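Protein chains in written order, with our numbering: chain A, 37 to 385; chain B, 37 to 385.
Simulated from the structure, these hints should not be mistaken for laboratory data.
One or more hints might be untrue.
The list treats identical chains as one, so a pair stands whether inside a single copy or across any two.
As the list claims (entries may be wrong) - The calculated DMTMM-like cross-link candidates involving lysine to aspartate or glutamate, where the alpha carbons are at most 25 Å apart (straight line), are:
{"hint": "1", "residue 1": "Lys-125", "residue 2": "Glu-157"}
{"hint": "2", "residue 1": "Lys-233", "residue 2": "Asp-150"}
{"hint": "3", "residue 1": "Lys-140", "residue 2": "Asp-46"}
{"hint": "4", "residue 1": "Lys-102", "residue 2": "Glu-49"}
{"hint": "5", "residue 1": "Lys-168", "residue 2": "Asp-180"}
{"hint": "6", "residue 1": "Lys-125", "residue 2": "Glu-318"}
{"hint": "7", "residue 1": "Lys-142", "residue 2": "Glu-49"}
{"hint": "8", "residue 1": "Lys-373", "residue 2": "Asp-211"}
{"hint": "9", "residue 1": "Lys-147", "residue 2": "Glu-49"}
{"hint": "10", "residue 1": "Lys-54", "residue 2": "Asp-375"}
{"hint": "11", "residue 1": "Lys-142", "residue 2": "Glu-154"}
{"hint": "12", "residue 1": "Lys-240", "residue 2": "Asp-349"}
{"hint": "13", "residue 1": "Lys-40", "residue 2": "Glu-97"}
Model, not experiment: these values are computed from the prediction.
Number of protein chains: 2
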Amino acid sequence: MIKKITGNRDFAEYLRGKSASFVLSVSTTKTCNIPNLTQAGIPGLIHLTPTLDAEFLCSGEVRSLKDIAKTPKGVPTPALISRAVHLLKPFKDVEIFDLGVDTKIKVDYFKMRDFALEPSESIDKGADIEAKKLYELGKEFAKDYNPEGDYVILAESVPSGTTTALATALALDYDCVGKFSSSFKNAPTNIKQETIKKALGNIKAGEKVFDKLSKVSDNMLIFNAGFVAGIAKRDLPLVLAGGTQMACVYMIANRMEEELDSKNLGLFTTKWVAEDENSDIEALLNMLGFKVNAFYADFDFSLSSHPALKLYDQGEAKEGVGAGGALVYGLLNGLSKEDITKKVEGFLG
Amino acid sequence: MIKKITGNRDFAEYLRGKSASFVLSVSTTKTCNIPNLTQAGIPGLIHLTPTLDAEFLCSGEVRSLKDIAKTPKGVPTPALISRAVHLLKPFKDVEIFDLGVDTKIKVDYFKMRDFALEPSESIDKGADIEAKKLYELGKEFAKDYNPEGDYVILAESVPSGTTTALATALALDYDCVGKFSSSFKNAPTNIKQETIKKALGNIKAGEKVFDKLSKVSDNMLIFNAGFVAGIAKRDLPLVLAGGTQMACVYMIANRMEEELDSKNLGLFTTKWVAEDENSDIEALLNMLGFKVNAFYADFDFSLSSHPALKLYDQGEAKEGVGAGGALVYGLLNGLSKEDITKKVEGFLG
Numbered sequence: 037m038i039k040k041i042t043g044n045r046d047f048a049e050y051l052r053g054k055s056a057s058f059v060l061s062v063s064t065t066k067t068c069n070i071p072n073l074t075q076a077g078i079p080g081l082i083h084l085t086p087t088l089d090a091e092f093l094c095s096g097e098v099r100s101l102k103d104i105a106k107t108p109k110g111v112p113t114p115a116l117i118s119r120a121v122h123l124l125k126p127f128k129d130v131e132i133f134d135l136g137v138d139t140k141i142k143v144d145y146f147k148m149r150d151f152a153l154e155p156s157e158s159i160d161k162g163a164d165i166e167a168k169k170l171y172e173l174g175k176e177f178a179k180d181y182n183p184e185g186d187y188v189i190l191a192e193s194v195p196s197g198t199t200t201a202l203a204t205a206l207a208l209d210y211d212c213v214g215k216f217s218s219s220f221k222n223a224p225t226n227i228k229q230e231t232i233k234k235a236l237g238n239i240k241a242g243e244k245v246f247d248k249l250s251k252v253s254d255n256m257l258i259f260n261a262g263f264v265a266g267i268a269k270r271d272l273p274l275v276l277a278g279g280t281q282m283a284c285v286y287m288i289a290n291r292m293e294e295e296l297d298s299k300n301l302g303l304f305t306t307k308w309v310a311e312d313e314n315s316d317i318e319a320l321l322n323m324l325g326f327k328v329n330a331f332y333a334d335f336d337f338s339l340s341s342h343p344a345l346k347l348y349d350q351g352e353a354k355e356g357v358g359a360g361g362a363l364v365y366g367l368l369n370g371l372s373k374e375d376i377t378k379k380v381e382g383f384l385g
Numbered sequence: 037m038i039k040k041i042t043g044n045r046d047f048a049e050y051l052r053g054k055s056a057s058f059v060l061s062v063s064t065t066k067t068c069n070i071p072n073l074t075q076a077g078i079p080g081l082i083h084l085t086p087t088l089d090a091e092f093l094c095s096g097e098v099r100s101l102k103d104i105a106k107t108p109k110g111v112p113t114p115a116l117i118s119r120a121v122h123l124l125k126p127f128k129d130v131e132i133f134d135l136g137v138d139t140k141i142k143v144d145y146f147k148m149r150d151f152a153l154e155p156s157e158s159i160d161k162g163a164d165i166e167a168k169k170l171y172e173l174g175k176e177f178a179k180d181y182n183p184e185g186d187y188v189i190l191a192e193s194v195p196s197g198t199t200t201a202l203a204t205a206l207a208l209d210y211d212c213v214g215k216f217s218s219s220f221k222n223a224p225t226n227i228k229q230e231t232i233k234k235a236l237g238n239i240k241a242g243e244k245v246f247d248k249l250s251k252v253s254d255n256m257l258i259f260n261a262g263f264v265a266g267i268a269k270r271d272l273p274l275v276l277a278g279g280t281q282m283a284c285v286y287m288i289a290n291r292m293e294e295e296l297d298s299k300n301l302g303l304f305t306t307k308w309v310a311e312d313e314n315s316d317i318e319a320l321l322n323m324l325g326f327k328v329n330a331f332y333a334d335f336d337f338s339l340s341s342h343p344a345l346k347l348y349d350q351g352e353a354k355e356g357v358g359a360g361g362a363l364v365y366g367l368l369n370g371l372s373k374e375d376i377t378k379k380v381e382g383f384l385g
């Protein structure tokens with residue numbers, strides 16, 4: 037079952053049966069090196085997360101992890117969910133947008149779009165991103181972008197990405213405190229708040245929007261906002277697969293574009309985000325000057341007794357690597373909760 | 037399991053695994069306002085049936101029904117079957133051919149082909165259809181018609197459509213009394229016979245075929261006959277999804293065209309039609325000058341104990357909204373009788 041958050045129900049119904057290109061956009065912000073800020077990865081190796089997620093999504097293997105034994109028994113990456121759906125009801129294509137990662141992704145054959153970007157700096161030191169250039173790059177790239185699927189599911193893997201997203205939305209003057217989610221059940225509010233406070237402190241009064249973004253945002257957010265603006269001019273349905281970070285992508289595009297035709301723009305996320313009591317994605321989407329067709333998958337791990345998966349239902353992890361988008365796609369194409377649960381459990385042994 | 041009625045078994049085998057555009061052609065004939073002639077809908081609101089079927093097929097909701105509480109607990113629309121298959125093994129695309137309905141269909145995003153037609157008059161008063169123009173419209177439209185699927189499943193929703201179909205076949209001098217089915221188990225023979233008698237009474241001796249059609253037929257039958265004739269010239273498999281009404285579509289095309297290459301022409305229907313003792317679709321198809329590749333789905337509700345669904349197995353409803361075509365498509369693509377039964381039951385609560 038699929039549930040509507042905002043927009044037009046028929047957007048999702050129309051995509052039923054259509055083939056999808058699943059695009060994982062990855063970038064690293066050095067913000068993720070701040071201790072205990074995120075749990076999206078292996079402590080000490082958090083910067084590897086986007087690379088490992090991309091490798092696992094495409095191949096079922098994590099290839100850039102030298103010592104796999106070090107993987108802690110924590111919350112498993114939501115990449116497991118996206119991969120499970122891909123095994124059960126494969127996407128027409130899986131592509132990677134490499135928007136600046138620490139370690140090269142070791143995958144062959146798959147379309148790997150290399151935009152020659154470096155990881156951005158930590159936002160407490162000013163992210164040092166060429167924001168205007170990056171936004172225009174996304175917009176320009178969207179013009180001729182030619183996916184194999186009937187529509188595009190655009191996912192992300194950016195550790196500490198909810199921190200940079202919240203900082204970004206605040207810098208753009210959205211009234212959004214308490215509305216962004218976290219990969220933690222009990223978010224490390226102090227570290228996060230302090231980081232964001234430092235980041236916003238680098239902004240000078242009267243600075244232009246792009247200059248603000250250069251200091252507090254991340255590559256994924258800015259490039260994808262440009263990509264959204266470019267795709268909106270075309271007749272190609274685009275679904276951002278993610279939670280409040282993807283809402284932030286729309287919030288950037290909303291500030292940059294005077295008008296944006298959102299008929300073909302969507303957002304698919306998880307139940308853990310949509311029903312999260314500590315964030316409010318619906319409120320974020322309602323701040324936009326256009327209507328996003330937003331839905332979530334009515335999927336949880338209530339059919340599983342695996343302790344690692346139970347953590348999702350308790351509010352850990354919630355979303356990432358397009359898990360929500362993969363789930364909605366799976367449910368739209370006839371997969372059942374049982375099918376998906378079993379396949380994810382299979383990865384954990 | 038799929039069973040052959042007429043034609044070449046490999047036609048269906050070849051379509052296994054292919055993607056399908058499911059097209060619902062809808063029209064209203066005011067014939068349906070004759071009391072007790074049809075049970076295809078809500079008494080007093082029968083004219084709404086094509087609109088509601090289209091809405092439900094696309095979106096899972098009936099949007100043009102103001103007071104849903106009025107729905108009687110009768111035979112549920114076969115749209116439930118088509119929708120169930122679409123949820124389990126989605127069609128590549130769902131399209132609507134609007135051939136003149138009473139109430140506008142409230143669905144966005146889906147391809148809605150508007151041919152600017154009005155509902156036709158009741159056949160007992162002369163249907164008042166511009167038959168030649170409508171047939172040519174269907175034929176012309178078929179030339180450039182470009183579906184998303186590898187083949188086309190063309191369904192219909194026309195309440196009282198078996199009455200107009202029988203009147204049409206009789207007017208075209210087919211020896212078909214007793215061979216057309218009804219949505220009733222015990223068809224209201226008197227009302228139906230009287231209506232058809234009146235309709236045929238409007239035809240003058242020596243009238244041309246198109247002039248006869250103008251008086252006794254319906255928009256769906258005539259347009260689709262033209263569409264069939266147009267598609268037959270192309271390399272695109274077309275399956276008419278329905279029972280004796282769809283046989284009648286072929287019977288019209290058979291009268292109009294001197295030659296018709298039927299290699300790519302099929303018909304998929306239900307077991308309830310194919311094994312109906314009160315009609316004979318095989319005999320109708322054998323009256324044609326060409327061979328239609330006709331099959332039925334060996335599906336019934338023997339696995340269900342739901343009283344509303346049991347009515348199908350007792351001979352009520354039988355077919356409509358492409359139920360037979362959806363079932364054959366589902367069975368060709370790996371769905372089981374259990375899968376489909378459960379999904380249909382899910383709609384009824």
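Each hint tested on the structure:
For the homomeric pair Lys-125 and Glu-157, neither the shortest alpha-carbon distance inside one copy (38 Å) nor that between copies (46 Å) is at most 25 Å. Taking the closest pair of Cα atoms, Lys-233 and Asp-150 never come within 25 Å of each other, the shortest separation being 32 Å inside a single copy and 57 Å across copies. In this homomeric assembly, Lys-140 and Asp-46 come within 25 Å of each other (Cα to Cα) only across copies, at 16 Å, whereas the closest approach inside a single copy is 39 Å. In this homomeric assembly, Lys-102 and Glu-49 come within 25 Å of each other (Cα to Cα) only across copies, at 22 Å, whereas the closest approach inside a single copy is 43 Å.
In this assembly of identical chains, the alpha carbons of Lys-168 and Asp-180 lie at most 25 Å apart only when taken from the same copy (20 Å versus 44 Å across copies). In this assembly of identical chains, the alpha carbons of Lys-125 and Glu-318 never lie at most 25 Å apart, being 29 Å within a copy and 31 Å across copies at closest. Taking identical chains as interchangeable, the C-alpha atoms of Lys-142 and Glu-49 lie at most 25 Å apart only when they sit on different chains, with a minimum of 13 Å there against 36 Å within one chain. For the homomeric pair Lys-373 and Asp-211, neither the shortest alpha-carbon distance inside one copy (36 Å) nor that between copies (53 Å) is at most 25 Å.
Only between protomers do Lys-147 and Glu-49 lie at most 25 Å apart by alpha-carbon distance; the minimum there is 12 Å, versus 28 Å within a single protomer. When the C-alpha separation of Lys-54 and Asp-375 is checked against a cutoff of 25 Å, the pair qualifies both within a copy, at 20 Å, and between copies, at 21 Å. In this homomeric assembly, Lys-142 and Glu-154 come within 25 Å of each other (Cα to Cα) only inside a single copy, at 17 Å, whereas the closest approach across copies is 49 Å. In this homomeric assembly, Lys-240 and Asp-349 never come within 25 Å of each other (Cα to Cα): the closest approach is 41 Å inside a single copy and 74 Å across copies.
Proximity of Lys-40 to Glu-97 under the C-alpha cut-off of 25 Å is restricted to the inter-copy arrangement: shortest distance 14 Å between copies versus 34 Å within a copy.
Consistency with the previously given hints fails for numbers 1, 2, 6, 8, 12, ordered from lowest to highest.
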